[in-house]
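Protein chains: 2
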Amino acid sequence: MNKQVSELDQGLLVVLSGPSGVGKGTVCAALRERMPELVYSVSATTRQIRAGEQDGVNYFFKQKEDFLKMIENDQLLEWAEYVGNYYGTPREFVKKTLATGKDVILEIEVQGALQVKQKFPEGVFIFLAPPDLKELRSRIVGRGTETEDTVNSRMAVAKEEIELMDNYNYVVVNDQVDLACARIESIITAEHLQKDRQIAKYRKWIKEV
Amino acid sequence: MNKQVSELDQGLLVVLSGPSGVGKGTVCAALRERMPELVYSVSATTRQIRAGEQDGVNYFFKQKEDFLKMIENDQLLEWAEYVGNYYGTPREFVKKTLATGKDVILEIEVQGALQVKQKFPEGVFIFLAPPDLKELRSRIVGRGTETEDTVNSRMAVAKEEIELMDNYNYVVVNDQVDLACARIESIITAEHLQKDRQIAKYRKWIKEV
Numbered sequence: 001m002n003k004q005v006s007e008l009d010q011g012l013l014v015v016l017s018g019p020s021g022v023g024k025g026t027v028c029a030a031l032r033e034r035m036p037e038l039v040y041s042v043s044a045t046t047r048q049i050r051a052g053e054q055d056g057v058n059y060f061f062k063q064k065e066d067f068l069k070m071i072e073n074d075q076l077l078e079w080a081e082y083v084g085n086y087y088g089t090p091r092e093f094v095k096k097t098l099a100t101g102k103d104v105i106l107e108i109e110v111q112g113a114l115q116v117k118q119k120f121p122e123g124v125f126i127f128l129a130p131p132d133l134k135e136l137r138s139r140i141v142g143r144g145t146e147t148e149d150t151v152n153s154r155m156a157v158a159k160e161e162i163e164l165m166d167n168y169n170y171v172v173v174n175d176q177v178d179l180a181c182a183r184i185e186s187i188i189t190a191e192h193l194q195k196d197r198q199i200a201k202y203r204k205w206i207k208e209v
Numbered sequence: 001m002n003k004q005v006s007e008l009d010q011g012l013l014v015v016l017s018g019p020s021g022v023g024k025g026t027v028c029a030a031l032r033e034r035m036p037e038l039v040y041s042v043s044a045t046t047r048q049i050r051a052g053e054q055d056g057v058n059y060f061f062k063q064k065e066d067f068l069k070m071i072e073n074d075q076l077l078e079w080a081e082y083v084g085n086y087y088g089t090p091r092e093f094v095k096k097t098l099a100t101g102k103d104v105i106l107e108i109e110v111q112g113a114l115q116v117k118q119k120f121p122e123g124v125f126i127f128l129a130p131p132d133l134k135e136l137r138s139r140i141v142g143r144g145t146e147t148e149d150t151v152n153s154r155m156a157v158a159k160e161e162i163e164l165m166d167n168y169n170y171v172v173v174n175d176q177v178d179l180a181c182a183r184i185e186s187i188i189t190a191e192h193l194q195k196d197r198q199i200a201k202y203r204k205w206i207k208e209v
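The listed protein sequences correspond, in order, to chains A and B.
Numbered according to UniProt numbering, the first sequence spans residues 1 to 209.
Numbered according to UniProt numbering, the second sequence spans residues 1 to 209.
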């Protein structure tokens with residue numbers, strides 16, 4: 001079997017990321033409601049399971065030594081340690097889901113997204129941008145009452161955020177959750193319509209005749 | 001001024017093409033109704049103006065010698081001769097409209113689209129595919145009652161159409177006009193959200209501060 005064809009026939013890995021506080025979680029939840037066919041990537045963690053949580057649904061709950069083995073065996077698309085606990089994205093779950101032709105969504109911090117990009121560059125990387133970046137000029141300059149220090153520090157933050165975007169395929173402003181979701185849905189639709197994926201599908205069909 | 005930034009800040013040239021009879025005209029008309037902000041690229045022609053037609057609206061009506069000069073001076077993105085008359089896409093109209101930030105749509109035969117791609121590779125090239133390509137397998141094999149010749153000739157046509165797709169960025173099946181339009185709208189939305197265009201916009205804003 002042609003490897004390239006079979007890869008192009010898979011689902012898409014959609015990576016939704018952006019600066020903290022931008023509303024990734026809210027947009028991701030709304031998007032999943034809007035597109036129930038999207039499969040949410042379940043993270044692995046070493047933290048204790050909480051009441052109401054289910055293994056394999058909220059997280060894959062792991063012992064620390066198992067988690068460290070997953071890191072060692074390159075079984076995680078990304079991982080990080082927060083306050084003594086490990087969190088990561090199991091490669092196997094993503095791979096298996098994509099192989100069924102379903103799209104997977106991964107909602108993740110910027111540092112994690114950069115790790116995923118290293119290991120899975122064919123993903124669709126979407127940067128969720130703060131709405132105030134949209135009014136960059138007026139925000140930075142203000143009403144003429146801002147000190148030079150304020151203007152400079154706002155400028156520095158804006159520049160940092162813009163440089164981050166360079167690692168992504170798309171930039172979506174989160175000005176309104178439903179608008180942001182509609183834009184992401186358009187991106188997913190368009191990615192599926194890309195020539196390479198479509199030709200691969202037709203070629204596969206012809207082969208099967 | 002940074003040339004790259006200014007180009008990325010322009011509108012998109014959307015080229016809608018596909019095999020004859022696929023319904024390009026119908027889809028294009030429906031799309032323009034759905035997206036009134038899309039500017040339709042007006043062709044130049046040497047044919048006689050007809051009652052009810054307006055110069056600059058239906059066509060730019062040209063004398064043959066003026067048209068030949070436009071070819072000579074590379075002022076057409078593509079051109080062709082049909083039954084003694086010349087038809088072509090004036091580069092100037094497209095360029096000026098894109099410079100205002102508006103998107104332009106060009107509905108055109110496959111040969112013309114290939115010419116446009118040579119001169120304007122940054123366009124968004126969309127191949128409108130016949131709906132029966134979607135049911136490729138069943139159509140080619142039929143109900144087991146097809147002769148080998150029929151199967152082979154259907155296979156040949158399908159393969160030709162698929163090879164054509166390779167020159168485009170996207171493939172949209174025209175199974176239903178409203179679905180095809182929605183897909184094209186998603187493509188245009190997604191193209192505007194591409195990182196390079198977004199970063200260029202933000203960088204321009206920062207520069208203007």
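By construction, these hints were calculated from the structure, which means they are not laboratory data.
Some clues are possibly wrong.
Put simply, identical chains are the same to the list, so a pair is met inside one copy or across any two.
Derived pair list, reagent style DSSO-like, types lysine-lysine, alpha-carbon separation capped at 27 Å [claimed, not checked]:
#1 K62 - K102
#2 K119 - K195
#3 K62 - K201
#4 K207 - K195
#5 K96 - K62
#6 K204 - K96
How the hints compare with the structure:
1. K62 - K102: Within one copy only: 26 Å inside, 53 Å across.
2. K119 - K195: both (24 Å within a copy, 20 Å between copies)
3. K62 - K201: Classified as neither; 38 Å inside a copy, 44 Å across copies.
4. K207 - K195: For K207 and K195, the Cα distance is within 27 Å only inside one copy (18 Å; across copies 36 Å).
5. K96 - K62: within (19 Å within a copy, 60 Å between copies)
6. K204 - K96: within (20 Å within a copy, 42 Å between copies)
Figure legend: structure checked against the earlier numbered hints; the only hint not met is number 3.
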